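Trainee: Please build the complete structure, drawing on both the sequences and the hints.
Listed in order, the protein sequences are those of chains A and B.
Per the numbering used here, residue 1 is the first one in the first sequence, and the count goes up by one each step.
Per the numbering used here, residue 414 is the first one in the second sequence, and the count goes up by one each step.
Hints may be right or wrong, so weigh each one.
Stated by the list, open to error - With a Cα cut of at most 16 Å, we get these calculated EDC-like pairs of lysine to aspartate or glutamate: (1) B:LYS522 x A:GLU194; (2) B:LYS777 x B:GLU742; (3) B:LYS647 x B:ASP618; (4) A:LYS109 x B:GLU607; (5) A:LYS364 x A:GLU329; (6) A:LYS234 x A:ASP205.
Stated by the list, open to error - Distance windows between CB atoms, simulated: (7) B:ARG617 x A:GLY142: 29 to 35 Å; (8) A:HIS106 x B:GLY791: 29 to 35 Å; (9) B:GLU610 x A:ALA267: 47 to 53 Å.
Keep in mind that the hints were calculated from the coordinates and are not lab data.
The model shown is predicted, which means the values in this text are computed figures rather than measured ones.
We put the CB at the ideal spot given by N, CA and C, even for glycine.
There are 2 protein chains.
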Amino acid sequence: MIAEVVAIGDELLHGALLDTNSKYVAGRLEQVGAVVHRFTVVGDEPGALEAVLAEACARADVVVTTGGLGPTLDDRTRDVAAQLCGGPLVFDEASWNGILEWFARHLRKVPDSNRRQAMLPPGGAALPNAVGTAPGFRVRIGRAELFAVPGVPSEMRVMLQEHVLPALAARPDCTPTVQRWLRVLGPSEAALGERIESFMVPGRDPAVGVTASGGLLTVRIVATAADRAAAEAKCDATAAELRPLLGDWLFAEGERELPELVCERFAAAGRTLAFAESCTGGLLAARLTDVAGASAVLRGGVVAYANEAKQDLLGVDPALLERHGAVSEPVVAAMAEGARRRFGADVAVATSGIAGPAGGTPDKPVGTVCFAVADAAGTRAWTSRIAALGRAFVRDRAVFEVWRALLGWPDGV
Amino acid sequence: MIAEVVAIGDELLHGALLDTNSKYVAGRLEQVGAVVHRFTVVGDEPGALEAVLAEACARADVVVTTGGLGPTLDDRTRDVAAQLCGGPLVFDEASWNGILEWFARHLRKVPDSNRRQAMLPPGGAALPNAVGTAPGFRVRIGRAELFAVPGVPSEMRVMLQEHVLPALAARPDCTPTVQRWLRVLGPSEAALGERIESFMVPGRDPAVGVTASGGLLTVRIVATAADRAAAEAKCDATAAELRPLLGDWLFAEGERELPELVCERFAAAGRTLAFAESCTGGLLAARLTDVAGASAVLRGGVVAYANEAKQDLLGVDPALLERHGAVSEPVVAAMAEGARRRFGADVAVATSGIAGPAGGTPDKPVGTVCFAVADAAGTRAWTSRIAALGRAFVRDRAVFEVWRALLGWPDGV
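Mentor: Take a look at the structure:
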């Protein structure tokens with residue numbers, strides 16, 4: 001079952017909005033056995049949109065589109081699909097009733113333009129939208145079954161789950177794909193690639209690849225098999241061969257994001273966390289609190305940009321700041337201890353560094369970041385020289401280093 | 414000058430990494446006059462990659478690819494480009510010397526596999542990489558000039574700026590594109606669409622479109638003209654017609670992100686900021702400190718998830734918490750006043766709310782968020798009922814509401 005994902009909207013092409021939907025859709029499609037070959041992002045211009053949809057529907061068995069279903073005139077997915085089906089749009093009473101109910105529940109007047117959202121391409125079936133006004137639809141075009149869902153991520157996710165995935169799972173041409181992610185921090189991408197070179201040959205089954213993101217390297221294993229259990233067994237076997245080669249570089253496994261793993265680990269141990277952030281500026285807290293249920297783990301955090309904040313809120317001795325400077329192991333250790341005390345947390349982490357572009361010195365160039373972890377057993381501080389590949393890179397790499405420390409805690413810290 | 418952008422890598426197709434490069438590349442290409450028609454994301458499988466590149470090079474005048482230039486065997490952009498050029502890869506001495514220098518500067522041994530990165534397709538020219546090991550290349554394929562740059566965002570950005578954009582700006586077929594973004598908070602997308610319906614017709618010049626993201630609506634004006642000044646004048650004229658229709662809904666203009674505008678406004682006024690975050694959990698601080706130079710504006714912040722943190726770090730009276738609960742205007746006002754005092758900031762903002770999925774009550778359903786802004790003139794608190802479209806939506810919408818308040822401060826708060 002070959003699949004393609006198409007994201008529709010001028011705002012995606014012209015820099016106003018990042019397409020996060022295609023990645024999400026592809027991940028879910030692969031879980032039910034589709035093999036995703038391509039994403040395309042195209043604007044609202046009807047000619048370009050028609051070409052993209054016609055091509056995708058000729059190449060793939062399943063095409064999922066996101067976007068272009070809104071009530072405004074620049075939303076044209078319905079019209080273009082109707083054109084490819086060779087007929088005019090058809091008014092769907094049930095969809096219109098769903099839209100009326102949504103507006104009634106939200107105590108709003110229904111704008112006339114929402115009527116456009118109740119139209120379907122000929123031969124299509126509506127996909128009801130439980131969380132928004134825009135219904136989606138499914139329709140056969142060429143070789144493919146096309147599913148059109150809205151571009152608003154929260155609506156797209158619900159509709160994918162409720163309508164698209166069950167329809168695909170029921171198809172006879174499912175070939176489940178399973179992934180394993182091995183998270184690595186330490187070597188360069190090339191050094192890692194050499195170490196596992198024999199795994200990265202074209203056509204290997206399962207496929208093994210390396211991804212770099214903000215200094216974090218991810219070794220991905222992707223296996224396809226007739227059923228899910230067989231694909232998982234193939235992944236497990238390859239992971240077992242890779243582990244001894246990765247050694248100390250390997251610090252986490254699993255298809256979930258690192259903040260989720262940290263939350264899960266601390267929640268399971270009944271331990272709480274606090275942060276004292278300087279150069280990461282709230283990123284640690286923001287990423288952890290993205291996880292639902294983070295409130296059971298995170299007591300709180302301080303973003304201490306100014307030295308006065310380090311003294312007043314975290315109780316850092318001004319003499320330490322004077323003697324060692326804000327980016328130093330003694331200061332970051334005092335920040336972590338202060339945060340642990342102030343928040344009454346079991347474990348506290350502190351960061352202080354020079355994210356750039358300005359602020360570097362010969363002694364402490366841009367990319368110098370000091371870390372500390374404080375717990376009941378004591379405090380450990382260390383310094384990393386992160387490659388000065390931009391402010392975002394330094395901050396991201398520092399955040400990954402904290403997740404690694406926390407996933408290794410208390411043994412690996 | 415029609416352009417397409419191609420992002421290459423299994424990790425992008427298979428959910429390990431989000432393609433943020435294509436959006437960035439497209440934005441920069443349009444600034445020098447390219448009209449971007451399509452993005453494609455494709456994996457490392459040579460057959461699929463060859464098909465995508467051949468098609469793009471047949472449709473567009475300029476194709477920019479990101480990714481697939483690394484030293485590992487799953488990086489195949491060079492090989493596939495060589496195949497499309499009809500010959501084997503050629504070793505480029507100058508590129509190899511650049512790689513040797515990079516490793517010497519970083520005091521690392523050169524892995525043999527990096528030699529792959531010094532190979533060029535026949536007829537191609539190397540694009541030196543000043544910030545990483547992977548050089549890029551440019552080569553003519555079919556109708557198009559193809560530029561291949563690395564997928565690591567920091568390297569991609571520098572190489573685009575130094576090599577790709579100057580080459581395009583020198584072409585005679587430049588047609589500069591200019592954008593204006595009008596930021597709107599308040600109406601539904603449909604209600605906004607109806608108000609400006611007459612602007613959103615296909616073929617209008619400049620084009621006008623609406624984008625929804627986390628509750629923020631952006632009205633985009635996109636104009637193309639023979640020169641930049643003419644395109645800007647067209648955008649300005651359309652913006653002037655739209656402003657009276659948008660009225661109070663409109664709260665910011667400009668093609669930059671809102672945190673940048675907030676930083677700029679506060680820096681210009683010589684005012685400082687502090688945050689006390691509960692439901693936004695560090696997002697306000699993290700987004701503001703993404704902006705280089707935020708340290709001149711942000712004194713610091715507290716992420717006060719636990720009630721004890723609200724009392725101990727922000728001095729919130731326990732009786733207030735007892736009487737009104739953490740999600741209430743009196744508590745959020747006390748949080749803002751506490752943060753202003755503790756950080757010695759001119760203005761402090763506090764948030765407290767129920768981001769979900771759990772924690773809602775009939776009185777205070779998921780999506781209820783209380784805000785306060787404290788300054789020398791006093792404190793103003795208010796409550797919003799944000800649509801319960803998921804944790805990320807509620808948090809994002811709350812952050813947008815703070816940027817709106819700060820951009821309106823002191824008049825509009």
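Trainee: Next step is simple, just say for each hint if it's right about the structure.
Mentor: Tested hints:
no., hint, result
1, B:LYS522 x A:GLU194, "holds (13 Å)"
2, B:LYS777 x B:GLU742, "holds (12 Å)"
3, B:LYS647 x B:ASP618, "holds (8 Å)"
4, A:LYS109 x B:GLU607, "holds (13 Å)"
5, A:LYS364 x A:GLU329, "holds (12 Å)"
6, A:LYS234 x A:ASP205, "holds (8 Å)"
7, B:ARG617 x A:GLY142: 29 to 35 Å, "holds (31 Å)"
8, A:HIS106 x B:GLY791: 29 to 35 Å, "holds (34 Å)"
9, B:GLU610 x A:ALA267: 47 to 53 Å, "holds (50 Å)"
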